[in-house]
Amino acid sequence: MENQIKVKPTTSALIAARKKEFLETNNMKGRQMYDHVQDDFKNARSFIDKSIKSTGIIYDDQFANHLCAWDINYPENPQRYESIIERCNELGLIERCIKIQCRNATNDELLMKHSQSIIDILKSTDDIQSVDLLQTLSSKFDAIYFHPSTYKQSLLATGSSIELVKAICENKIQNGMAFIRPPGHHAMKSEFCGYCFFNNIAITAEYVLRHYSVSKILIVDWDVHHGQSTQQMFYDDPRVLYFSIHRYEHGQFWPNLRESDWDYTGNGDGQGFNINVPLNATGMRDTDYLAIFHQILLPVASEFQPDLILISSGYDAALGCPEGEMEVTPACYAHLVHSLMGFACGRVAVLLEGGYCLKSLAEGAALTLKSLLGDPCPSLDMTSNPCTSIIQTIQNVIFAHQKYWKCFQVDFLLSQSFKAVSMYSYDEEPLSVFPTVDCYPTQDISKIDEFSVLQHLISETQLLNINNKVCVSFDLIMDQKHESSESGHPECPGRISAILNMYNEFQLTHRLLILPSREAEESELLLAHSREHVDEMSNLHKLSPSELSEKEKCYDSVYLTTDTYKVSTLASGCLLQVVDSVMKNESASGVAVIRPPGHHAELDIACGFCIFNSVAIAASYALNKYGLKRIMILDWDIHFGNGTMRAFSSDPRVLYISIHRYQNAKFFPCSEEGSHKVTGSGSGEGYTINIPWNKNGMGDAEYISVMQNIILPVAYEFCPELVLVSAGFDAAVGDPLGGCKVTPECYGHLTHFLSSLANGKIILALEGGYNIDAVSYCMTMCTKALLGDPLPPLDLEFPICKNAQKTIKRVVNVQKNYWSCFKYFNYERTRYIVCDLPQMYHQ
154 MENQIKVKPT
164 TSALIAARKK
174 EFLETNNMKG
184 RQMYDHVQDD
194 FKNARSFIDK
204 SIKSTGIIYD
214 DQFANHLCAW
224 DINYPENPQR
234 YESIIERCNE
244 LGLIERCIKI
254 QCRNATNDEL
264 LMKHSQSIID
274 ILKSTDDIQS
284 VDLLQTLSSK
294 FDAIYFHPST
304 YKQSLLATGS
314 SIELVKAICE
324 NKIQNGMAFI
334 RPPGHHAMKS
344 EFCGYCFFNN
354 IAITAEYVLR
364 HYSVSKILIV
374 DWDVHHGQST
384 QQMFYDDPRV
394 LYFSIHRYEH
404 GQFWPNLRES
414 DWDYTGNGDG
424 QGFNINVPLN
434 ATGMRDTDYL
444 AIFHQILLPV
454 ASEFQPDLIL
464 ISSGYDAALG
474 CPEGEMEVTP
484 ACYAHLVHSL
494 MGFACGRVAV
504 LLEGGYCLKS
514 LAEGAALTLK
524 SLLGDPCPSL
534 DMTSNPCTSI
544 IQTIQNVIFA
554 HQKYWKCFQV
564 DFLLSQSFKA
574 VSMYSYDEEP
584 LSVFPTVDCY
594 PTQDISKIDE
604 FSVLQHLISE
614 TQLLNINNKV
624 CVSFDLIMDQ
634 KHESSESGHP
644 ECPGRISAIL
654 NMYNEFQLTH
664 RLLILPSREA
674 EESELLLAHS
684 REHVDEMSNL
694 HKLSPSELSE
704 KEKCYDSVYL
714 TTDTYKVSTL
724 ASGCLLQVVD
734 SVMKNESASG
744 VAVIRPPGHH
754 AELDIACGFC
764 IFNSVAIAAS
774 YALNKYGLKR
784 IMILDWDIHF
794 GNGTMRAFSS
804 DPRVLYISIH
814 RYQNAKFFPC
824 SEEGSHKVTG
834 SGSGEGYTIN
844 IPWNKNGMGD
854 AEYISVMQNI
864 ILPVAYEFCP
874 ELVLVSAGFD
884 AAVGDPLGGC
894 KVTPECYGHL
904 THFLSSLANG
914 KIILALEGGY
924 NIDAVSYCMT
934 MCTKALLGDP
944 LPPLDLEFPI
954 CKNAQKTIKR
964 VVNVQKNYWS
974 CFKYFNYERT
984 RYIVCDLPQM
994 YHQ
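Under my numbering, the residue at position 415 of the sequence shown is numbered 568, and the numbers go up by one with no gaps.
The set of hints was computed from the structure by calculation and includes no laboratory data.
It is possible that part of the hints are untrue.
[Stated by the list, open to error] Between beta-carbon pairs, the in silico distance windows are: (1) GLN282 - GLN215: 31 to 41 Å; (2) ASN738 - VAL284: 24 to 34 Å; (3) LYS325 - ASN420: 15 to 25 Å; (4) GLY780 - SER803: 16 to 26 Å; (5) GLU950 - LYS819: 23 to 33 Å; (6) ILE630 - ASP564: 45 to 55 Å; (7) SER836 - GLU950: 17 to 27 Å; (8) ASP580 - GLU950: 23 to 33 Å; (9) ASP580 - ASP279: 32 to 42 Å; (10) CYS823 - GLU243: 52 to 62 Å; (11) ASP564 - THR541: 21 to 31 Å; (12) GLU826 - ASN692: 23 to 33 Å.
[Claimed, not checked] Below, in silico cross-link-like pairs of lysine to any residue (SDA-like), each with a Cα-Cα straight-line distance of 20 Å or less: (13) LYS704 - LYS737; (14) LYS293 - GLU582; (15) LYS782 - PRO805; (16) LYS252 - GLU316; (17) LYS976 - VAL867; (18) LYS293 - LYS252.
Predicted, not measured: the structure shown is a model, and the values here were computed from it.
Idealized CB from N, CA, C, for every residue including glycine.
The task is simple: from the sequences and hints, build the whole structure.
Structure below.
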């Protein structure tokens, strides 16, 4: 067959033999147990033919018609649309998308969320030419202007939103973005409000619920103004989880509503399905927004598991916008949307809302579209700490929703002494006639420096033309040689071939850049090993079988053959090939399918099936050859990577994070250096993070929780230039050594979360994993994640187990001395409610 990796026929027989051994050893009880394990791969296998589809885009130059005829400075203006289209064209983004045809919404579609009376009012303005009359009509509504084209353009905005999402639901496109105006999330059932006439996103959500097999929709609204109308329309509907991040300032910021605070959580069956994250201070930055995502949205989305994600994408929290007065960089929006693309099988629709600084609006929208297209996320400056105000808000939101969401029912989030506070201080009388001129914020001249910063950020936008999404390096010699004389040894040939076979089955091979293999040079081995160790291994081919057997006794859990040196140098060399391809921007990311593993090998000794520490060699190689300053190594092999940790324990350039089974130093390698208390030494103190499980049985929920609560916050603060993953799959379901139950699709999701880091420079190197089927599915799911393919949804069991909760709490208590991202775990202050509980409301 074309486009397949050639694997010798004898390999299939070898794999079959390993499966037989799996049945006969490790206390597995016959075919029934084996079949049960196979069931755990059905979810991954169901995505065998699901690959990334195109990104859709919908826009029409008619969206430039609607304008305020009596005020040329009105912020909601045609230049908003024009600047976005211009910037997307400059970056060559529109030509990469599938163009969706615009259409007008029908009256029946509008009636799903609006009254006929309000529709008729807008329709009556159609083609009115009198500016005075239009201005008079506008004064009846809060922050509204009418134009002769408003009715037609509003119909087009709503209909276009529906068409975009229809294309996603009908699998014509993977995701998409609607460049539409006027915005919609303030438009109420019977009232126009806040530049909005018809609620585009609410009508679209309702349309999808009625016409498609979609039962759970997540609406994320990051416009700086609270989308109170979207909230009202789904306040008692558990099918729609509404999540809003908005400027509030205890009610002092428009729309000045009590219902915009954190303690409005939904009503009736919808309780818990309305999450408000009110921002009570200005100047919020990327750090603050990512903290909200990591601590609140991603855990809830993981538990909710939506079928579809709709984003009310306003860019008025972006740097330079006079309405928001926040300092979110345009690049941050790429990260926010990327984190959501791992959910809902990648079905994400982004609908334009606000944004009134043309430069930041255009750049933010363009970078959002780049992210939807699968381009690497730009780097962020995460040197600032989460502000005190956002920490308090995060605490309040978790407090309010702890009874609704099991992901928050963990002892490392809330203490018994915590009491939330809500202070609503807006008491002005509502207006009966609204101003139509000078009724909006203007740019503060003292903020002019923000524009120079913004221009610098725009000029730094990476336009790398990387032709290959993922490269892969392997050599079947590693699978054909180096085998223990001990029958049934877990580190056996067949693992590489099985992965390559699975690539063929999932039709991934033709999508990968296959790199030539090579052996690591002696000088490269010496980057992580002593001369004595390298010489000793290089001379193994001279020894007789009995001498090799005797030499094995010098090591802990190591077997040796005359081919050990050649195979081990191939493993390291293949990984270095991937590093070169990624660092030279030939490939965006990469996978090294190699054996034997390496993370237990120390400076001067082999250990735990490992001869040379390939990942440690690769990290040192990248530091030296490419002058990198920050590399993150994530080791999710079930065994603590003692060799890698020791190699960089005093080096602040390398952040080493390990998730491993520990059991109080009684699980291999039985080293107390795997404790959560070990944080590195000297200038490297704080750059070692051990996440040790003290019991077996950890599964998807525990690993996802660790990713969201520890790894991602630290990784963003560290801002790596390269991420290396010691990708052992012995924590996978069915592994005879690990005793855990992580599914292949979970490993895919972990990889997706990581791929927003380091401009997408993520490299996975195979370590352990001793159930051949599990290893094959796991690496395949990780590779699909790097390719941007949709991933199977996870069935997560929350709350995570008590033992895992204790581990996370212990790790955070130690690491908060080094990482400011853990400030939100400090709940020592007691605070008290100083206002009445909110009244539930119905529209």
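Going down the list of hints, with the structure as the test:
| no. | hint | in the structure |
| --- | --- | --- |
| 1 | GLN282 - GLN215: 31 to 41 Å | violated, 18 Å |
| 2 | ASN738 - VAL284: 24 to 34 Å | violated, 54 Å |
| 3 | LYS325 - ASN420: 15 to 25 Å | violated, 36 Å |
| 4 | GLY780 - SER803: 16 to 26 Å | holds, 20 Å |
| 5 | GLU950 - LYS819: 23 to 33 Å | holds, 26 Å |
| 6 | ILE630 - ASP564: 45 to 55 Å | holds, 50 Å |
| 7 | SER836 - GLU950: 17 to 27 Å | violated, 41 Å |
| 8 | ASP580 - GLU950: 23 to 33 Å | violated, 46 Å |
| 9 | ASP580 - ASP279: 32 to 42 Å | holds, 39 Å |
| 10 | CYS823 - GLU243: 52 to 62 Å | holds, 58 Å |
| 11 | ASP564 - THR541: 21 to 31 Å | holds, 23 Å |
| 12 | GLU826 - ASN692: 23 to 33 Å | holds, 30 Å |
| 13 | LYS704 - LYS737 | violated, 41 Å |
| 14 | LYS293 - GLU582 | holds, 16 Å |
| 15 | LYS782 - PRO805 | holds, 9 Å |
| 16 | LYS252 - GLU316 | holds, 11 Å |
| 17 | LYS976 - VAL867 | holds, 12 Å |
| 18 | LYS293 - LYS252 | violated, 38 Å |
Checked against the numbered hints above, the structure violates hints 1, 2, 3, 7, 8, 13, 18; every other hint is satisfied.
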